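J.: Now for the letters of each chain:
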Amino acid sequence: MSAIATLEELLAHAHNLELEAVERYQELADQMVVHNQPDLVELFRTMVRVESLHVDKVRDLAADRELPRLAPWGYRWSTLESPESVPIGGESYGMTPRRALELVLASEERAYAFFAGVADSSSDPAVHQAATELAEEERQHAALLREWLTRYPAEADSREPLDMDEPVEQD
Amino acid sequence: MGKPQLIMTRHAAKDYKSSVKPIWCPGCGHFGVQAALFRALEHLDLPPEQVAVISGIGCSSRLPAYTECYGFHGIHGRALPLATGLKVARPELTVIVASGDGDAFSIGGNHFLHACRRNVDLTCIVMDNEVYGMTKGQPSPTTGPDWHSKLMPEGTGINPLRPLAVALASGAGFIARGFSGDPNGVAKLLVEAIQYPGFSLVQILSPCVTYRPEERHWKQQVHAIGMEPTTNPVEAGQRLFADDGLSTGVFYRAVLPGYPGTVRARSDDHLAAIEAELAL
Amino acid sequence: MITPISPAGTIAIAIVGSGGAGAITAGSLLLEAAGQFGWYGLMTRSVGPQIRGGEALAMVRLSSMPVLGHGDRFDVLLALDWCNADRFVDEVPLDADSLIIADAQAGDPPAAILASGARLVTVPLIDLADDIAEGRPNIVALGLLARLLTLPVKPLVALVGRVLNRKRLNPTYLQQALMAGHSAAAALDGSVRPPPLATDDGTRWLLTGNEAAALGALRGGVRFVAVYPITPATDLSEWLAPRLHQLGGHLIQAEDEIAALNMVLGAAYGGVPALTATSGPGLALMSETLGLAVASEIPAVVIDVMRGGPSTGIPTKSEQSDLNIALYGLHGDAPHLVLAPSSVNDCLVVTEWAVRLAEALQCPAIVLSDQFLGQSQAVCDRPPTEGASASPRLTARHGVSSYDRYAVTADGISPMALPGTAGGQYTADGLEHNAHGTPSSRAVDHRAQLDKRRDKLLRYDFGPDWIEVDGEGDLAVLTWGSAAAPTLEAATLARAQGLAVKVLVLKLLSPTQPARLERLLEGVRRLLVVEQTHSQQFYGYLRAHYTLPEAVRVLNQPGPLPIRPAAVLAQLLQWR
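The listed protein sequences derive, respectively, from chains A, B and C.
For the first sequence, position 128 matches number 128 in my numbering, and the numbering has no gaps at all.
Just so we're on the same page, my numbering is the position in the second sequence counted from 1, plus 171.
Just so we're on the same page, my numbering is the position in the third sequence counted from 1, plus 451.
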């Protein structure tokens, strides 16, 4: 894929990245409501709030600019999905809060890597500046999450708690 | 790259999502299918009330209530005729079928053959997880012969069918496969499928985290077809028989005559003349 | 031993022939000519198992009044030949007053037919036909029968020429054949007494019950049909297909009956009144889908042209044995509509009514017709333009906010949003659901929705059309469908003998109307139930849902033979 060349393209990517992160965290929070995991609900709703602020931030950066509308498959991610979204299939209903945080941290790190990559490879000063700013935001997020992770030490978290009940038939 | 436009003047993907929270297990591939569908509908900017999502029974078939579109959660295996009647009666609607490997290829098999053949303009999404998830994990027509389950502890011992080849032989003109872990790729397939003026089939490999956890490896195994779709059914047949079941993209796209009929009007104009025929 | 009785004012003629002799064509032409001349009439047919060239029997009955069914005897049996004709012995009761006309070359009539004591007259039909280019014995026979009935020749010639022109037969030769038969009948002048003509009240129609039902569907607003071919319902769909198209509608031949009804539901969900037609085996396949229509509250009409059951049964013969599956064949508690026409004419009225009711009540309606009604050709009065009415479907308006598809309303009917209506989006579901339509397994929701689906039927005012009542008396007969014909005729005969009889013909079988029937049965001390089943399905239904008088008797016989008026009359007379 060709590099992101203009500020408008970058912001279009950033906007989509944050928006999809919000939607994905909302989806994860809803899953955990349905599957009766209040700790995880809290965690993901927090991420919804955090990422919503990021969406606002990107919109502020965009100001009055007209951003290009890209097809869903037109984004230049190096990953299959948007970097900041927890990949489809990564979650499970019995996952520990530590595991959930690991997924979130990985998302932040991928987002950081994306923006840092754009910053590094761009010769456009506006793109470089914005990408650097956005990368820094993600780096701070990742740091925050590493801090949260310390509250859920790995030693205490060997594997997902066993659900003794068999899966249930429905329709 | 399109002409620059303001982002927020059209439908957004979330406009297609209802407030009903899915019951799918966290980790289910169907979340990816749902995301792909909403992105496709957003890309096409279809008003939600002009779209109808029709389903049968199974985890796949819970999708309609999770959308803001019109929906019909029908009975097992019968989504395709339900959708056919709707589309013929209301040709201006965009009609999408949400089905699964059991719903479409087992009990719905007969309807599947004839829907391919009839070529009414609708899009059939089959979320294929090679298992019956709703009923606690039995083999489906796409399950391999050696997969052990409670109902068939030694495995079925019979080969799965090749649904895309069946679709080709039955006359379908648009045949594609996607992977739910790639919602953007699937969105692209769905956009093409919806725009295709006839019956379009999109099989989406969608891992079942509860009964087929090994399917998470599909993510590493799927790969693009790497070829443009062919318009030649013989060539398509060869590709589909050589296919490893894990390649994604559009295999076949042909120009076919559309289904020759819809409800065009609901008039009474000729009723008197029809009655007059019966007079002595 | 049942004594056959024939009321004054009808004449019954049967034509039998095989191997492509054209007996059915002759019978049909005879009926049409007679109808044009001024009689009411009915023609039924009976055939052997062959697709072509089999033995065939046409049975025509004419009268000055509408003919609903066959009587107890035939006045004339004309045989084009006697091949395999003993198959039909039970269907053509003859007696010493009957006339058999046959060609001597055909050999002797079957012994069972001669045993009736009927008078045999030979006419050289074959030789007469051979003398004419393209001459056919069935056309010669038609000319002969026309003379017997004193039908005028010119209109007959014109009719035959017009109808058989479609089969590319030369009208000149047809005319010669007709005249040859007409002349040959001179020797038989006065042998039979044709009934008086009907007083001319206006237009009469010639149609079958299947055609009438199809027209009823169109009148009711059906513009989408999906069907799978099945005997004896296929000709209903075949008549319907081009005419539906003329009205802007569409017919799909589905891959099976399950697909057919699901397509109907899809179209109805989209807002287009829709219908399918089938017979017993198809209705059995449709059971689950009918339940879906009930649960998701989608209107649909299924016409079941009943045939001999169970299983593949007797596809070309009539029976009333699908009553149970129509009433009770859905799993779960699934209230729905079941209606039954009682005559060829009534097939139109009841089908139209069923369509309108299904739309108003947002549920499926099964119309129980049968092979006898469906495939009888009748000369009958044109039904009135405005059929039995019901309100149109209640739909939700555009831009509705916070829409609850299955809201519990006072009359149980909730507005249905049609796809395309902004703000009305909902998911129709076979799963139990709450008022909004979201799937629910909660007791309160199941109870509320079960009550809704039941109450919308119970609270509906079906008006006077749910039953036909004829006469008064403390001896009553309760029946339905094609069993009404012999019952009404028997009642007429009974009254002629001084017996007061009240006949009640049920048209609406579900939901039941127990209070209304109770009022109609006030003063009735003896009740005869008449039905064409082996296991007394109708009687079982009456016992389950209605309060009956103390003295009840049942006259039931399965198909394939129709119930005869004499059989009903014998029961009534035993009870005077």
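Since the hints were derived computationally from the structure, they do not count as laboratory data.
Check each hint, because a few of them may be wrong.
[Unchecked claim] List time: in silico SDA-like cross-link candidates among lysine to any residue, alpha-carbon distance up to 25 Å:
#: 1; chain 1: B; residue 1: 390; chain 2: A; residue 2: 80
#: 2; chain 1: C; residue 1: 953; chain 2: C; residue 2: 925
#: 3; chain 1: C; residue 1: 618; chain 2: C; residue 2: 739
#: 4; chain 1: B; residue 1: 192; chain 2: A; residue 2: 55
On a predicted model such as this, the values are computed, not experimentally measured, just so you know.
J.: Could you run down the list of hints and mark each one as holding or not?
T.: Tested hints:
1. Of the pairs offered as hints, the one joining residue 390 of chain B and residue 80 of chain A holds, with about 10 Å between alpha carbons and a cut-off of 25 Å not exceeded.
2. Simply put, residue 953 of chain C and residue 925 of chain C have alpha-carbon atoms about 7 Å apart, close enough for the 25 Å limit, and the pair holds.
3. Among the hinted pairs, residue 618 of chain C with residue 739 of chain C is inconsistent with the structure: their alpha-carbon atoms are about 44 Å apart, more than 25 Å.
4. Between residue 192 of chain B and residue 55 of chain A the CA atoms are separated by roughly 23 Å; this keeps the pair inside 25 Å, and the hint holds.
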